[in-house]
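Dock chain one against chain two, each of which comes alone in its own frame, and use the hints as you go.
Chains as they are written, first to last, in the working numbering: chain A, 39 to 159; chain B, 5 to 119.
These are computed hints drawn from the structure, not numbers from a lab.
Rough simulated footprint, nothing fancy, chain A against chain B, three-plus residues with beta-carbon under 8 Å:
no., region
1, 42-56
2, 105-118
A few chain A residues that don't get close to chain B, going by computed Cβ distances all over 10 Å:
no., residue
3, Gly54
4, Thr157
5, Val158
Facing chain B, according to a computed beta carbon distance under 8 Å, are these residues of chain A, among others:
no., residue
6, Val69
7, Ala80
8, Leu83
9, Leu128
10, Pro135
11, Ala141
12, Ala143
13, Glu147
14, Gln148
15, Phe150
16, Pro152
17, Arg155
None of the values given here were measured: they were computed from a predicted structure.
Don't be surprised by glycine CBs; every beta carbon is placed ideally from N, CA and C.
What follows is each chain in one-letter form.
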Amino acid sequence: DAMVIQNPRYQVTQFGKPVTLSCSQTLNHNVMYWYQQKSSQAPKLLFHYYDKDFNNEADTPDNFQSRRPNTSFCFLDIRSPGLGDAAMYLCATSRDPRDKGLAGAIRYEQYFGPGTRLTVT
Amino acid sequence: AQSVTQPDIHITVSEGASLELRCNYSYGATPYLFWYVQSPGQGLQLLLKYFSGDTLVQGIKGFEAEFKRSQSSFNLRKPSVHWSDAAEYFCAVGPFSGGYNKLIFGAGTRLAVHP
Chain A
39 DAMVIQNPRY QVTQFGKPVT LSCSQTLNHN VMYWYQQKSS QAPKLLFHYY DKDFNNEADT
99 PDNFQSRRPN TSFCFLDIRS PGLGDAAMYL CATSRDPRDK GLAGAIRYEQ YFGPGTRLTV
159 T
Chain B
5 AQSVTQPDIH ITVSEGASLE LRCNYSYGAT PYLFWYVQSP GQGLQLLLKY FSGDTLVQGI
65 KGFEAEFKRS QSSFNLRKPS VHWSDAAEYF CAVGPFSGGY NKLIFGAGTR LAVHP
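Isolated chain B, as found in the complex (with noise of 0.2 Å):
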């Protein structure tokens, strides 16, 4: 069955220390992958996103992702992260059957930065 795994629910981190938010997914062929962001009591933004090519992908706020199909991960990483990145992380993998862009998520990873 199709399925994304986040590992980590809570991460700390100091400000202007390097942050990677780990992702795994389970999915039968090659998957569209997504990260979404979500600041408190807001709607979801898109982070970034991978198909294909190349397997290190940019994305905004100085945010990258890297997909390795041999270990069915797309983990998030920044190299210096500032307090403003405190937020909700969910990875989405697609899409989901019937067609449609049913997107499955990740239960999300919750983002502390500490002064």
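With the rest of the complex left out, here is chain A (with noise of 0.2 Å):
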């Protein structure tokens, strides 16, 4: 089945020590988007891409970078990660917006990891 992955599930990190979140894809979609989610909070979009044109949300902290190398594979870098940052990272996909060869909400509709567990220690 096509799907959204992440890995890995529960990620334990240090005060300060670098890590990286990967997502893959087997949907083929031209967009992939990465959510903070605290507990018991909505989705906070951190940002997305649009292909390799890369989309920064205006108040997602510098300690929060992302690369996509293809269009199967998208990762969150957090450079610096702070007590704060401990949440649920969900990654999503969704097809071309501007294809209108798709109906409205088929384009819009977003595809869901399983989202990776981070706690700072």
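This is how it looks when you write it as structure tokens:
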């Protein structure tokens, strides 16, 4: 089955120690997203890639970076994790929103991975 | 400004009872609307979506939702809740500005099911 895969599912890192979270997809979608979700809160969009075009949210801290080496993979790098960065990190994908050949809601539907739970000690 | 409100933070129902989760949105045009479910420690799974046509949409796991433009609502319903439905439910609306698939999520409603 086509899917969004995140590795690892659980990650423990030390305060200030760089960490990388991984996301891969077999859906061949153009757009990939990274969300941060803290306990009992809605997912908060950090940034997204439209193909190789990187789009950062205005309030995403500089501590968070991302790489997308190819269509299938996308990485989230946290350069110096703080205690406040402990959260669930969700990767999502979607089809090309500009593809008029697709019905509207299908273009905007996002497919989520299972998430990576990050703990900072 | 575009926003999504889920008025109920927590809801508890008995197994077999009916369920309605509320979602209200503020959006300048005809929105695309989504309901996602998140089980503990898991990612979000799409339950159903609406963008046009019949205002009553059917989703997976026996869920349905009704779009009411006059009330700016997209409430989620299920006639008979199962214990496995205990999870967090998020309503989302899009697309947000920028031409990409940005969705605005509500704060979520946590559903507990009593046996």
